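Colleague: Let chain C serve as the given structure and place chain A on it in line with the hints.
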Amino acid sequence: GESVGLHLPTLSVQEGDNSIINCAYSNSASDYFIWYKQESGKGPQFIIDIRSNMDKRQGQRVTVLLNKTVKHLSLQIAATQPGDSAVYFCAENWAGGTSYGKLTFGQGTILTVHP
Amino acid sequence: GAVVSQHPSRVICKSGTSVKIECRSLDFQATTMFWYRQFPKQSLMLMATSNEGSKATYEQGVEKDKFLINHASLTLSTLTVTSAHPEDSSFYICSAHTSGSYNEQFFGPGTRLTVL
Numbered sequence: 281g282e283s284v285g286l287h288l289p290t291l292s293v294q295e296g297d298n299s300i301i302n303c304a305y306s307n308s309a310s311d312y313f314i315w316y317k318q319e320s321g322k323g324p325q326f327i328i329d330i331r332s333n334m335d336k337r338q339g340q341r342v343t344v345l346l347n348k349t350v351k352h353l354s355l356q357i358a359a360t361q362p363g364d365s366a367v368y369f370c371a372e373n374w375a376g377g378t379s380y381g382k383l384t385f386g387q388g389t390i391l392t393v394h395p
Numbered sequence: 140g141a142v143v144s145q146h147p148s149r150v151i152c153k154s155g156t157s158v159k160i161e162c163r164s165l166d167f168q169a170t171t172m173f174w175y176r177q178f179p180k181q182s183l184m185l186m187a188t189s190n191e192g193s194k195a196t197y198e199q200g201v202e203k204d205k206f207l208i209n210h211a212s213l214t215l216s217t218l219t220v221t222s223a224h225p226e227d228s229s230f231y232i233c234s235a236h237t238s239g240s241y242n243e244q245f246f247g248p249g250t251r252l253t254v255l
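Line order of the protein sequences matches chains C and A. Note that the numbering used here numbers the first sequence so that position 95 is 375, with each residue one more than the last. Note that the numbering used here numbers the second sequence so that position 39 is 178, with each residue one more than the last.
For the record, the hints were derived by calculation from the structure and aren't laboratory data. One or more of the hints may lead you astray.
As the list claims (entries may be wrong) - Below, in silico cross-link-like pairs of lysine to aspartate or glutamate (EDC-like), each with a Cα-Cα straight-line distance of 16 Å or less: (1) A:LYS180 to C:GLU319; (2) A:LYS159 to A:ASP227; (3) C:LYS382 to A:GLU198; (4) A:LYS159 to A:ASP204; (5) A:LYS203 to A:ASP227; (6) A:LYS205 to A:GLU226; (7) C:LYS382 to A:GLU243; (8) A:LYS153 to A:ASP227; (9) C:LYS351 to C:ASP335.
What the hints assert, rightly or not - So the derived list for chain C, only partly shown, Cβ under 8 Å to chain A, looks like this: (10) LYS322; (11) PRO324; (12) GLY339.
Model, not experiment: these values are computed from the prediction. Every residue gets a Cβ at the ideal spot worked out from N, C-alpha and C, and that includes glycine.
One chain only, chain C, in its complex shape (with noise of 0.2 Å):
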């Protein structure tokens, strides 16, 4: 199947800075975006989520962005703290006539923040 790929594989900031993180997806027919925070030895923790009627949607500290021209979605995290240190997967979902939809992961993003 299609599939979700990462421009950058690891991201290293300094605390207090803010963060982009970066998905590419490939499925046109995908109409749910989701963010997840997976720490280490942990399931996947929802982040945010955007559908594809939007282009932008914010949460606390995080902004995810969705350009559908490019199939490029992005997540931003404002003021990066050290407990922002996990691995980010972006996920799309393509319901294919199902109730439910399937999600594709994308690779992941290491983002380490240092104090």
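Modeller: Coordinates of chain A only, in the frame set by chain C:
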């Protein structure tokens, strides 16, 4: 709300044995549950999708006779790794979907399987 648990969190077994992993939705009814596998430093790969009361749908390349999935109730799905081998060692993660949540999946904490 929307809490998913897995049991056990870690399991070590000998090669050739079978291991059962449980996935439970604690405060909601999961019409659909998903099983993922994650190897070290890699992404999550969907193994199969199970709907309550029906047979699971497996992704290409996943052996259905090796990875038995049972979704007997709206709150419980089990994954049994039969005749486990060292190459089956991985992090197994389940997720659950409930109707009306617009495709959102709630993930469990994962189960670390080590086959000796």
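Colleague: Next step is simple, just say for each hint if it's right about the structure.
Modeller: Comparing the hints with the structure gives:
1. The suggested pairing of LYS180 (chain A) with GLU319 (chain C) holds, with an alpha-carbon distance near 12 Å, which does not exceed 16 Å.
2. Between the alpha carbons of LYS159 (chain A) and ASP227 (chain A) the distance comes to roughly 13 Å, so the proposed pair stays at or under 16 Å and holds.
3. Distance check on the hinted pair: LYS382 (chain C) and GLU198 (chain A) sit about 11 Å apart at the alpha-carbon level, within 16 Å; holds.
4. The hinted pair formed by LYS159 (chain A) and ASP204 (chain A) meets the criterion: a straight-line CA distance of about 14 Å does not exceed 16 Å.
5. Between LYS203 (chain A) and ASP227 (chain A), the direct Cα distance comes to roughly 14 Å. Compliance with the 16 Å bound is thereby established for this hinted pair.
6. A threshold of 16 Å between alpha carbons decides the hint, and for LYS205 (chain A) with GLU226 (chain A) the separation of about 13 Å falls inside it, so the pair holds.
7. The straight-line distance between the Cα atoms of LYS382 (chain C) and GLU243 (chain A) is roughly 10 Å, inside the 16 Å bound, and the hint therefore holds.
8. With a CA separation close to 11 Å, the supplied pair LYS153 (chain A) and ASP227 (chain A) stays within the 16 Å bound.
9. Between LYS351 (chain C) and ASP335 (chain C) the alpha-carbon distance is near 11 Å, which keeps this suggested pair within the 16 Å criterion.
10. Against a cut-off of 8 Å between C-beta atoms, the interface hint on LYS322 (chain C) holds, since the closest Cβ of chain A lies about 6 Å away.
11. Taking 8 Å as the C-beta contact cut-off toward chain A, the hint placing PRO324 (chain C) at the interface holds, the least distance being around 5 Å.
12. Below 8 Å, beta-carbon pairs count as interface contacts, and GLY339 (chain C) has none with chain A, the closest being about 14 Å; its hint is therefore violated.
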